[in-house]
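Read top to bottom, the protein sequences are chains V and E.
Add 16 to a position in the first sequence, counting from 1, and you land on the number used in our numbering.
Add 16 to a position in the second sequence, counting from 1, and you land on the number used in our numbering.
Just so you know, the hints here were simulated from the structure itself, not pulled from any lab data.
Be careful, since some hints might not be right.
Treat identical chains as interchangeable: a pair holds within one or across any two.
Below are the BS3-like pairs computed for lysine-lysine, each with C-alpha atoms no more than 27 Å apart in a straight line [said to hold, decoys possible]:
(1) Lys-387 with Lys-288
(2) Lys-150 with Lys-288
(3) Lys-387 with Lys-298
(4) Lys-150 with Lys-363
(5) Lys-150 with Lys-387
(6) Lys-288 with Lys-363
(7) Lys-298 with Lys-363
(8) Lys-298 with Lys-288
(9) Lys-363 with Lys-387
What follows is each chain in one-letter form.
There are 2 protein chains.
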Amino acid sequence: MKVEKTRTPVTVAEAVFRVTDRVCRTGTERVPLHASYGRILAEPLTATHDVPHFTRSPYDGYAIASADSAGASGSSRVSFTVVDHIGAGEVSQAVISRHEAVRLMTGAALPAGADAVVMFEQAVSEGQTFTIRKAFAPQENLSLQGEDMLAGEMVIPAGRFIHPGVIALLATFGYAEVETGRRPVVGILSTGTELLAVNSPLVPGKIRNSNGPMIAAQLARMGIPYRMYDTEADQLEDCLLTVRRAMAETDCLITTGGVSVGDYDYLPEIYKRLGAEVLFNKVAMRPGSVTTVAVAGDTFLFGLSGNPSACFTGFELFVRPALLKMMGADHLYLPRTTAVLAEDFAKANPFTRFIRAVYDGTTVRPAGFNKSGAVSSIARGNSLIVLPGGTRGYASGDTVDVLLLGTEEGTDEWGL
Amino acid sequence: MKVEKTRTPVTVAEAVFRVTDRVCRTGTERVPLHASYGRILAEPLTATHDVPHFTRSPYDGYAIASADSAGASGSSRVSFTVVDHIGAGEVSQAVISRHEAVRLMTGAALPAGADAVVMFEQAVSEGQTFTIRKAFAPQENLSLQGEDMLAGEMVIPAGRFIHPGVIALLATFGYAEVETGRRPVVGILSTGTELLAVNSPLVPGKIRNSNGPMIAAQLARMGIPYRMYDTEADQLEDCLLTVRRAMAETDCLITTGGVSVGDYDYLPEIYKRLGAEVLFNKVAMRPGSVTTVAVAGDTFLFGLSGNPSACFTGFELFVRPALLKMMGADHLYLPRTTAVLAEDFAKANPFTRFIRAVYDGTTVRPAGFNKSGAVSSIARGNSLIVLPGGTRGYASGDTVDVLLLGTEEGTDEWGL
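Bound-form chain V, shown alone (with noise of 0.2 Å):
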């Protein structure tokens, strides 16, 4: 039997922040505007110029000149002439003079002379003239310049997610290629001799590698490219060598498997191998409290627990910020909320517990079978409940924390 020193647990929290601690950028890279979604801005986003650039008309109307109808009524209505009748994009060349007006429809240039807008359902209309019968203030009904913007603002900050709102932005700059965090490249291999291809026949004793496309999928919602890794059997040489070319051939590795005290757990024994600073081997979670992260040269070794709802939640706790913090993003830490818990949680918590979850928006309760070593609930959840370490047990009606997986699905109902 193998001798290991016992393992001091740390928090999660304390797991987390010695991962993101060591995370190093891995530079940037320039693409095209379209092809910016999901990636992380480099640089800070900047105004190239005042939104709106010129003032102009928020309506369809007339542009006159609001001391022109100074004193209109409605027994004492002031009439305009239309000199001049412009689309958004066109710039008038008329100048309004006295009781003079420009018909112009939403998002045109307000034309010279002019300093307010009188909305179509604001006239009576007849011919070239129209009457108003109340009296407009200068800057009534306008877009000014520079009101949402101005040239020069620093408008999104470096870090943040390019999400379609921040796209239009961009566009709006003229930003047609966009400096972001240069996406790693990821390592997946799956340890264990109980593994079989998606494609193989069961055997006794094996089980399909569920682990390795669970997180290749993990890695492509957050748009990040893998290479796939295969050791011939749990020999420990063997495995070895995967784990140098694999160093070599990516930026970070996720081994599944193999982090335990188990007979054949080699991953302990690799990371001396490579001189890798092991950050933490146990961590005071559930299930998944083997969870190794241990670092080789630049190298991030993520050692997730071959145990697929571990494997799921170490990625997403520990795996998910290092590599957002590699591309340089601010926002690391899955969005979190609290929900009122729909059904009872009687276990006693010694350790923080995840637990795969249904989220409704208001309420939520564990997705189904929750033993270890279960893959359907991962499956059947959008959510994980955090159950802090130290505690008792819940009941329904308790309030407790949501971390959110699966919002990309969105509800069945429309319910507003």
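Chain V is already provided as a structure; the job is to place chain E on it using the hints.
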């Protein structure tokens, strides 16, 4: 001036249902497991075998016959002899006789004759023997065959989003390929003579097209392919030709701009020329009341407002559920929650108002400048506050509905 009948606004819910009621499936396509993330399951995921498919040990330890442990206590320890030693993936050839045991690792199949597992920490071992101080019950410390899922069980229904957890299940059951809803190809056509390409220098009266790239990113977020279309100018005939071409080349077409009643708003006339059925052309919402959805033959025509925030919201409210339904999804609507409004929103809401906002898991606040036509707030928010029509304004501390948009980004504080 064009004459148009007064448009009759429909509620947002009614508009959503008119769209989703009419959408047809785009068919299915078979994709490799590794390419299935983000797609929609076209067939139920059925368990092809029990999980676990053999009774196994959830711990590193010793497999015994529980009957042999009868009477064990601290003062009368019972001893066992280890007759075999297996790791996960191995099957012992041993059949346990009285007071024999097989040393086995987590995940290994239970040997013949055994019906319980002694964890290492429950045993005192010495050479090829160990002793225990308590009796074990039948099935103690076992993962029983089929306890998680049974062969033939429908585990995930058709119509579900394929997230990493679903992929773990698909891998478990040997689905190397997955039947999924075919992704529609979407056309994007931004109309408006005021629009410049992203790489064009600004000229007076014009703005860069931000809606096209934004919609492309909203589609990219859903994994849906698109084609960009362009018209030379706001000319009706030219625009009609482009729309016809796009309809021939795509499954549905999103236009931006041109749906209002302005002098150059050609979309209403184009719908007429195409003989399209207009499902609605006015929605009781702000922004985006002119949002129009029409159907010509089998093709959906989404006429979004040219106003960036209305365009964004129109996509998320109407286009997103339609595309999901085309792919056969059963969760069509944005994830929703409630939150505490963190600042006053004094404006009355004759129409339902959607306000781009920042949601932090508990509170929600408008994401800055919220005037019609603003671009900056689109980039700064991660959610939409929904304020129902017919309300007088809201105060800080009120609970409001929130639609979640940007949870792929996460948060900057660990907080647990």
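Hint check:
{"no.": "1", "hint": "Lys-387 with Lys-288", "result": "neither (32 Å within a copy, 60 Å between copies)"}
{"no.": "2", "hint": "Lys-150 with Lys-288", "result": "neither (84 Å within a copy, 37 Å between copies)"}
{"no.": "3", "hint": "Lys-387 with Lys-298", "result": "within (20 Å within a copy, 52 Å between copies)"}
{"no.": "4", "hint": "Lys-150 with Lys-363", "result": "between (71 Å within a copy, 23 Å between copies)"}
{"no.": "5", "hint": "Lys-150 with Lys-387", "result": "between (73 Å within a copy, 24 Å between copies)"}
{"no.": "6", "hint": "Lys-288 with Lys-363", "result": "neither (37 Å within a copy, 64 Å between copies)"}
{"no.": "7", "hint": "Lys-298 with Lys-363", "result": "within (21 Å within a copy, 54 Å between copies)"}
{"no.": "8", "hint": "Lys-298 with Lys-288", "result": "within (16 Å within a copy, 68 Å between copies)"}
{"no.": "9", "hint": "Lys-363 with Lys-387", "result": "within (11 Å within a copy, 51 Å between copies)"}
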